[in-house]
Structure formats: structure tokens, C-alpha cells
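Residue numbers (numbering that gives the first Met the number 0), protein chains in the order written: chain A, 0 to 142; chain B, 0 to 661; chain C, 0 to 187; chain D, 0 to 300.
These are calculated hints, taken from the structure and not from any lab test.
Don't be surprised by glycine CBs; every beta carbon is placed ideally from N, CA and C.
Honestly, I wouldn't trust all of these hints.
What the hints assert, rightly or not - With a cut-off of at most 27 Å between alpha-carbon atoms, the simulated DSS-like pairs for lysine-lysine come out as follows:
#1 B:LYS44 to B:LYS86
#2 D:LYS101 to C:LYS172
#3 A:LYS30 to B:LYS44
#4 C:LYS172 to D:LYS69
Claimed, not checked - So the derived label-pair ranges between C-beta atoms look like this:
#5 C:TRP14 to B:THR80: 47 to 55 Å
#6 C:GLN7 to D:THR129: 52 to 60 Å
#7 D:GLY71 to B:ASP344: 40 to 48 Å
#8 C:GLY26 to D:ARG98: 14 to 22 Å
#9 A:GLU99 to B:ALA141: 44 to 52 Å
#10 A:TYR79 to B:GLU330: 23 to 31 Å
#11 C:ALA159 to D:GLY271: 16 to 24 Å
#12 B:PRO440 to A:TYR79: 39 to 47 Å
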Amino acid sequence: MPEEFEPKIVAFFCNWCTYLAADLAGTSRIKYAPNAEVVRVMCSGRVDVQFVLKAFAKGADGVLIGGCHPGDCHYQEGNYKALRRYRLLQRLLRQMGIEEERLRLEWISAAEGDRVRVVIDEMVETLRRLGPLHKSEALMEVA
Amino acid sequence: MPERIVRIGVYTCHCGSNIAATVDVKAVAEFAATLPNVVLSRDYKYMCSDPGQDLIRQDIRSHALNRIVVASCSPHLHEHTFRTALKVGGLNPFYFHMVNIREQASWVHENRVQATRKAKDLVRAAVRRVAFHEPLKRGRVAIHPDVLVLGGGIAGIHAALTLANAGKHVYLVEKEPTIGGHMAKFDKTFPTLDCAACILTPKMSAVRSHPNITLWTYSEVVKVDGYVGNYKVKVLRHPRYIDEDLCAGCLDCLEACVYKQAKVPDAFNLGLSKRRPIYIPFPQAVPQVPVIDPETCIQFKSGKCKTTCVDACGERHAINLHAEPQAHEIEVGTVILATGFQTFDAARVPYYGYGRYGNVYTALEVERLVNASGPTAGQVVMRDGRTPQTVGIVHCVGSRDENTHRWCSRVCCMYSLKLAHLIKEHTGAEVFDFYIDIRTPGKGFEEFYQKLLNERVHFVRGRVAEVTDWVLDPSEEGRLVIRVEDTLAGFVRRIPVDMVVLATGLEPRADAPEIRRLFNISCAGEGFFLERHPKLAPVNTFTDGVFLAGCCQSPKDIPDTVAQAGAAAAEALALIDAGYIETEPNTAHVEESLCCGCKTCMSMCPYHAVSFLPEIYKSRVNEVLCKGCGTCVAACPSGAMRQNLFEDDEIFAEIEGILTNA
Amino acid sequence: MQRKLKFQSEADPEWARRVSDRPGCEGLFSCLQCGACSGTCPLSIYMDFSPRRIIALVREGFRADALSSKTIWLCASCYSCTVHCPRQIHITDVMYSLKREAIGYRLYPARFPVPVLAQEFCKLVRRRGRSSEFWLVLRMALRSNPFILFKMARTGWDLARTGRLSLRRERIKDMDSLSHHLAPREVA
Amino acid sequence: MSGAYGYFPGCSLKGAGVAYEESLLALFRLLGLPLAELEDWNCCGATSYMSIDERSAILLSSRNLLLAHKAGYRDVVAPCSACYLVLRKAQDYMERYPRIGKEVHAALGDGDLKVLNAIRVRHPLEVLYTDVGPGRIRQSLVRQWHGGRVACYYGCQMVRPYAEADRAHDPMRMDELLRAAGVPTVDYSLKTKCCGGSLTGTTHEVGVRLNYALLREAARKGADAIATVCPLCQYNLDAYQREIRRASHEPFDMPILYFSQILGWALGADTGALGLRRAISGRKTVQQWFSERRVEKEAYA
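Based on the sequences and whatever the hints tell you, model everything.
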């Protein structure tokens, strides 16, 4: 049988909510797809547009950004800043011919361990459907 | 990155079998050894153990390591442990990076091959990243010695007294007109049956008279600024219209009220008795100062009252009907949240008839009934004036139920047993306990259950289906019928009773979300406040200097609450006595040569940590105010803004590490 | 004397797993055995196993006992259990699922009218697209216990004289397409 | 979207429950809410089909939803509690179990699931309560009730998991509507206990016992009649009362009315059009209560 395409996801998780949710998923032994690998940042607001573009340029098929729910940000409003950047990125990616679904922003609180599973599994599904990322010159230039 | 050649040591942990079971630790270690700059790679059973840490300390010396990577559990668990190990080993603790291959690999994946692959990727990323690490110094902030304790229940009282006795000044802020919380409503406490008042009221008056405690009842926190060691808190004191300093607590004003009969439902007695518009919640209330409730006081409603209360107070002039709310700004170094719980609203499960049938009570109401200082002076008489011959106690009302609350409220079983005993004692009634499981996991609890069994309380295992006035048999006429499957006897039973007691569960207070946001702490799914670590930091929160005590964290009984309150006080003391706290160095700073003075960073910072220096036309970060989120760094268009431990090149290296051979 | 002893060899855990995979049967294994279902069920007092015990039987894989029980056929689909269950188990749907299996394997109590009615009802609907009470009852009675008819005679007369007994055999126009959809299939 | 409500009578309303249809149509006509019967509707599958073949059971309901959609109705009124529940359950199943949804979709040829699930299956009680409301009922009263006290019996399926007709526990809407019409109702603890449905036909004794309990408790609570929202409940309580009377030696002769008959009468519908003569039990009482003579103001206990 043909080897199934295994997408690679770079996940930027904020230290206070989503990273803790991932820890909770762990301690609750919730099983999810091994395709996402986490880069810990203090706040989703730290996620630089360059980080995302770099990830795609270096071969990520998808990028996931996880932050605290609106109003619950450990730094008051970092997640709103992340949201703004996310919108900008969506436009950017569209122009580079990269499917929007490849970038996902999720609010996952420290209590939502199972949400981590749902989001990552869903995303792997989507990316399997989309297939590997084809990198445009535009992308390689900016990153 | 610093000029010295990089010599990395990588340590992969088995965590017993926790990691080794699904991740091929040996393979990861061997793989790490092949990575650039890695001079040493080991695997070990328990890296966090003393011998584990020792390995690191020795290798630093013997192999001249200058970067350390540990692949084990979540940094939230042991990052601090290993950084300390580096320090002891004579290396700057921030030449370290931790890889989480337990919570993020072995525990969440089943396929050994994939889990191992992921672990390798993560290690590669860390190895690349750590090469860029730079030596950092922790800053220090002084801890203001004063403490804010929010909530005047048994948790808050105990925490406040502990701190005050240690010579610290405490602000105890309580929403209600008196401290005491739920415990003040109880008659006896399980399993020892000692009287709640006898153990609580002395502590309450101790609070009142303690020189180190500033007690503000009828007050709320409305604003919190600052950071660990230096919180600025705004407290709003609602007017009780009676000056606490002038009032002598003679209570003549109550008698003098133009209302000769009490007409207003008494909240403290859960509406089982009435009070006047000017009242004192209960005889042992602290402070011993009445309150005027403007909602019901004639003077406030119409302005046409003889204000006999004012006359009664006479020369003291303690009553001031024109009192205004007062705002106080206080500075504290640490905060203990002891805001407690509320009981489940039994009306949410209509099939138990609360509110429809007068003789259906909540457990808390019965606590008042059996209480000697309660509305019936300890007589268990029902709303219809009768004394019950048969009583049914329904467990798990609003607990263990996906339709209401899924958690077990932990105290209901025991307080139900206690009430069963007290009701029997007061009335000699037949008592039925309807339970799903009897949970008595505390010191002396099981013995108490045994005692109740011998007292011939009927224990029927089954979740009550309904409480109804539907009569099938003449013997049920005029009584409440409990319909339940006796799952042990194996048939459905109809048991007629005179009185039904609903053992309502504990739930987060309605205002918990506001408190949560004020102090910027996380909440567990159910809405209770989230502790930093369920086992290793049960009273800490993710906000430094803010601690938890009592039921605001999760349902618990009085012994556990008091223990936790003590623990919270100790944590606060530890900070205060240290006098300072070391801050994480992951703050932002400006590379002035690159700064173009666009001020983008300033609009990003919610803490006003970034200031602008017009003379050199550059931004500057106040590292004390900076909390290290890095939002400004991501926003800086010129790359002048940088964040320690989260430098761009560090994160780029990590990303590339993950994606090599992707 | 009847000997009550269950050997683990009589249990079929695989079956239990399969049942819990069927639509509506999720969460079987989260059952607390609290008995709320049996307590609220208006018919549990006539059942050989209370709904709670049926769940216990299914969970432990005692297939024959569960499928041959009268309980599943006494379930009148009032859904009282479903709205009371503290684990939100759709017990009524579990009963349906067991009924289907019992029918499929002819495991229901012999001449027990309920399954007979169900089958006759479906035949009728499959053939005509609608049910007609009179004919339905008639067929059900003939195939299970004709004596019911005597009991029903008086009621039938009451209905007749109040114009509530229609002898008309309803039928929908577009029968062909429907009957094609409804072609009987394998049961779970 | 046409203004009218699609009307799904279900088999019973063409048989033993014909009085329900008559009174309902009359009532809705009075209120200016047209009920348009679905062309060539089929049986919903009731409680039986689910016990034989899940897929077909869902399919039966879906076909009706499709008819409604093709005829351009957004709301379908299903007066029979069983139909009401089964239709809604079909939607719930197609929503929750895509596999089933796909099969149905395939079988029906067309009928996009989203479309089928967008159709609002409604019970006339809920329609009257939300789209008309007790207020308007009170205003448009024509006849002054001079009958006795009524126990509102909601039965089971109208208020259970898939329903939105009223609260699952302790529903009150029928009580509120009848009170608005000046009809005194009693606090009836068995309002949502099952009548046994078809069990009266299959395991006769059991079915009859359930109805005995219902009647007895209603009487004990001082009710002179029971108001129902479901043809099966009405049939069971009405048609087997004689038998229950004989077995229990208790003098039951209680009218079992449809709420639509009472409201229709109160709002001035032609008494002949309410199917009142189809009552089996309590015929005399029915005649007295629903007589044409208009009584001026009368107080109730």
C-alpha cells in the first residue's frame, strides 16, 4: 500500500494556557497525532510573522498558534495582538498561494487538554487532504 | 552568540518507564551524540533525582560542558530543578534548554517509532537552540511585607491569623457584612461533631482584635495593578451606614427600628427567618456592628421614617444615613485568595420538588434548622410546623451529573451522614440516605459511617428518580414519596417521608470569573481556580505572589481547607521573609543602534514598561515593569527590540531543528 | 432449586464493545449503576431486568440474557431514563439497538406481542407507506394472541360508534420509490 | 418561504385521533394560522420501526422532511407526540452520525442534509405558546369556561430529549395556555409519566394499569377532566376507561380532551367542528361543558 503523507506541523504554544493544556493532555494520557512539534513562547503575542514564514519555508506543512482565550491572556492582551498578526498572515499567505487552512490560531485554556487533541488531529486531517506544501518563490524570498 | 566554543551535554531521561515505554531513549541519546557541538550524550533513569542532577554537575566540570539540554518532562515541572543543577555545577543556569518528551511524546503517542522520531526532532531543535543561549542574570524585586487575604471564611480567617501571628500586616477583605463564611452557618462539624461555633467564633474575634489585621467587611476588590511583591489593590468599602469605630455593638438600634416585627427574609438563615432593615447577620457576627439594608429601610425608600434607630444611638452618633462608599488604595506584596464557593441551586433539578413542595429542604437550610442559634433554636420543625417522623436525604444533588456538575463535591456524603445523625438526635425520626456511592476517605470518616449504620440509618443505594406527592398507596397520603431503585435489593421502591433533604453540591461562586480576571489567574474547566501544579504547587497559581486557599480551588472539607490556608500563608511568608524574589530574565531590551524610534513597541505593552527617550529618539524598556511576554519584540519592525531566552535566532534555530529532514 | 452461577466463558466482551460502538449506545461504559433509569422508568416494575441491570449485562457481555429479556420489549420509548441519566446515556436507544439485534436473531420471547406488532407495523408501512390502526391490530393479534381481540371488541365498538375506527387502508401515491428505499437490510 | 405551516398529521390523526385533527384545524383557522397538509406524507415510523431497522426508520422521517422542504415550508407542525419526537430524532441522528446522514441522502436521491435539518419540526402546543402566546389567547376569548378543573397531561415524548416543546421536567405551557383561556388547571405530578403507548394493545394489563394510575391521580388532585396533546395518550385514557372502571371499582367517567378542543371552544369555534362528539368517556360532562349557552361572569374555586 502507498505510504500515507505525514504532514509536519510547527506549533507555537503560549506558556500559560496552551502549553499547559498540552501538559494536561499528557498527564491525562490523551492520544493524538505525533505530527505537531511545539515551540514554547511566553505569549502568543511573541509569535513573529517571520517565525511562521520561516516555518513554512523550512518545510512545515502547517503552523498552529495556541494562546489563551480572549480576556484570559496572562499578559492581558497579547492574544489580541496575536489575532491581529494572524489576520495579516492569512492575507500574506493567500498572496503567496498558500492555503489558509495551513495556518491555524486557537484559543486553548489550561483546562482544555482534550482540545489539544481535537485541534491537532483535525489539522493533520486537513493537511493530509491538502497534501505537502508547495513553496512559492515569494515565500522563499521573504523567509 | 558568545565567542567560546560550544560544548553541549545532552541528557535523555527514562522517567522510569514513563518515557522509556514509548520512546526509545537509548536511540534518542545515541542520535543526540551525533549532533553538532554535542560532546556528551547520556540517558538516565531519573534525571530529576539527586544522582541524575549530580551527573550534570560532574560532567560540567569533567567534560568542560558549557551548554546543557535535558530531554525529560515538562519545563513547568523541572526546568527550575535543572537550572539550579547548572548553577551548582558552576554554569550559568540559562545555558540550558529543556525538551519535553514525556507530556508531549511518550504520554500522548502510541506508536513507538513515531514517538521516538518526534523526540529526536525536539532534541535536535534544543541542541541547535541552546548554542545561541547567552548567560543571563536574574533580577530581584523587593517583596512588600503586607498581605491581602480575600475572603473571610474559615480559609481566609486561618490564613490571616497565621500571617498576623508571624508579625505580618494583613488586610482581610470580606464581601459580606460579617466574616465566618459558610462555616458560621453550621451547627456541628463532621466527623467529630464538635460545635462549629465553638471552634470558629474564637478565631473570628481573634481576627477582630488582632493588631496586625485590618478587617474590611462589606467590601470588594475592584482593581489590581502591579506585580509580585508590589501589588496595588483598590478596595471598595460599601456603606453599612453605621460607623464601625463609633458603634459599641449595643444593638439598641435594632430594637428601636420602627419595624416592630422583622419582615425581611434573613439571608443568613436562608430565608427561614425574618430580620429588620437594620440588622446584624447573627449574634456572634464580627464585627459586632449592625448593617442597614437600603433596599428595605423606609428612610432610604421614602425618606419618611422617624429614624428611631438614630435616636436610640443617641450621643454615640454611630449611625450615619448619608455614608458613602469609600475606596482604599493599598499596597501588598502577596495575595491569598480564599473566596470560597456557593451551593448548587436545587431548583435546577425540578424532579426533586425544591420550591414546589414546602418540606423539601437543602442541606444548608437544615444546618440552620438543627443549629441551636438558628431560626428554630435547634428544633427541627418543617415549614408546615410539623416535626418529621421520616426524613429522606438525597445525595449527589448537582454532583456527579453530566446535566449539572460532573464533579464529586467531596463533602456531601459526610455532611449528609452528619445531618442524618443530628436529625435522629433532635427528632428520633427514621432517616433514609439515598446514595450512589458513600465516600468517606478522611480521618475518622469511615468510623463515622459505621456509627451511623449502627444508629440504624437506612442506607439505600440508588440515585433518587423523583420526589413526588403522587399517591399510590393510602399510607402515602399527605406525604412526599421518594421513588428510587434500591440497586442492592434489586427493585424499585416508593418510600413516603415527611421531609426531604437535598445534599446540594459545591460550585464556583458566580463572581469567580471576575476575581479570576482581576488577579489574572487561570481556571480549571469547572470554573474553580487553577493551582500551579496539582501535587507540587497546590496552593500556588501561575501568577507569582498569588496563592489559593479553600474551596475557591476545589470543593474540600474544613480540615483540608484549614491545612491549605496554612500552606498558603507559609508560601506567602517564605516570600516575605526572603525579602525579595528573583525575576525571570526573559525580559525585553532595546538594541539602541537598531531602534528607529517608531514607538510601535510602546503601543504593544500593557504594562507601560517601554518608555521613549526623545533626546536620543529611542525606546527603552524598564526591566522591572516588563513581564516578558515578548509582544513588543514580535511587533518591532527594525528588529531592535529583543527578548532574553526568546531571541529571534534562538527560535529560528529551534524551528529549523524541528524541520531538518522534513 | 435454580443454580445461579455465571462463568466468564459465557460472557462476550467483544459484543459489549460492538454494542457501545452503535449509534445512541455511546457512553455505555460510563454507567454508574445508580439506578436513576430504573427509578424513573414507568415500566421497570414489570420488567425481568431493570434497565440498569440490562446495561450491566450488556457491559459485561452477557448477550443471551440481555437479548432474550422482556425488558427491552416493555420499553415504551418514553425516554424518561434518557433525560434522567446522570451520564447522559441514551438508554432508550440502547434498548432499540438490543431490540433490533433480538429481532435479527429471533431471540425475543416466543409469541410475545410487542415484537410481533413491531414487525407487522413495519410490513404495513413498507407496503403502504402508512399504518392503519384497525388492520395493524388485527394482524398483530392473529399472529400473537388472538384472544386480545375479545378484549378489544368492546373498545372497537366504542371507536366505531364515535367515528374513530377507520377501515380504510391508507396508502401513499409514490409508493414505488419509498418501498425501494425501505428494502429490508441486514440488522446490526 | 410560504407563510403557512406545513402540517404533518401522522396516521393516528386520520384514525382514532381524528378529533385532534378536527379541533386543531378549527383552532388554527380561528387564529389565522393556516395549516397546510403535506402532500403524500408517509408514516413517521413511530416507535416500532426503530426496533426493526434504524436506517429505514430515519429514512421514513427524512422523506417527510424532504416533502416539506420541496413544498417550501420552514416549519412543520406535528401534533402527534410520537411523530414530533421521531421527526426531530431523525434530524438529530443525521446531524450526529454522518454515516446515517450519507445513507439517507443517497437513498432519497436529493435532499441535502443541511436543508432537511434546517426544517423546524414543531408541536402545536409550542407553536401556540410562542407564536400566539397566552396573552393573545386571553384577549381573543369568546366563550366563558364553565366546565370543571382540568389536569394538563403532557405525556412523555413531547418533552423528551430531542424536543423543544417545553421543559423536560415540570412543563407548564399547556397549563399557562388553558389558564389564559379561563380554565382552572390542577397541579398534576404525573404530567410527564408515560401512558404506555402501544402497550395497551400488546401487553394489555400493563398498559391499562399505567392509565389507571394516571386517571386516579388526576381525580385525587381534584381534576374533572384531563387535557392531552397526543392522540395515543388520549386514546389510552379515553378508550380503556370503562375497562379500568370495571377492574378498579372506581367510578371513573372523566372526559379526556385535546387541549385544542378546549382552546378552540374558548375562542369561539363552532362546537360541532371540534370533534367533541367523538369522546368515549365522560360524554355527559362534555355535553354540559361545551354547551352553546353563554354564561356571564362566573367565579371558580
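Quick rundown of the hints versus the structure:
1. B:LYS44 to B:LYS86: holds, 22 Å
2. D:LYS101 to C:LYS172: The hint holds at about 26 Å.
3. A:LYS30 to B:LYS44: holds, 24 Å
4. C:LYS172 to D:LYS69: Status holds; Cα separation ~16 Å.
5. C:TRP14 to B:THR80: 47 to 55 Å: holds, 50 Å
6. C:GLN7 to D:THR129: 52 to 60 Å: 55 Å Cβ-Cβ, so the 52 to 60 Å window holds.
7. D:GLY71 to B:ASP344: 40 to 48 Å: The hinted range 40 to 48 Å holds for D:GLY71 and B:ASP344, with Cβ atoms some 44 Å apart.
8. C:GLY26 to D:ARG98: 14 to 22 Å: holds, 18 Å
9. A:GLU99 to B:ALA141: 44 to 52 Å: Between A:GLU99 and B:ALA141, where Cβ atoms are some 49 Å apart, the hint holds.
10. A:TYR79 to B:GLU330: 23 to 31 Å: With Cβ atoms ~29 Å apart, the hint holds.
11. C:ALA159 to D:GLY271: 16 to 24 Å: The hint (16 to 24 Å, Cβ to Cβ) holds, given that C:ALA159 and D:GLY271 are roughly 20 Å apart.
12. B:PRO440 to A:TYR79: 39 to 47 Å: At 44 Å between Cβs, range holds.
Of the numbered hints listed earlier, not one is contradicted by the structure.
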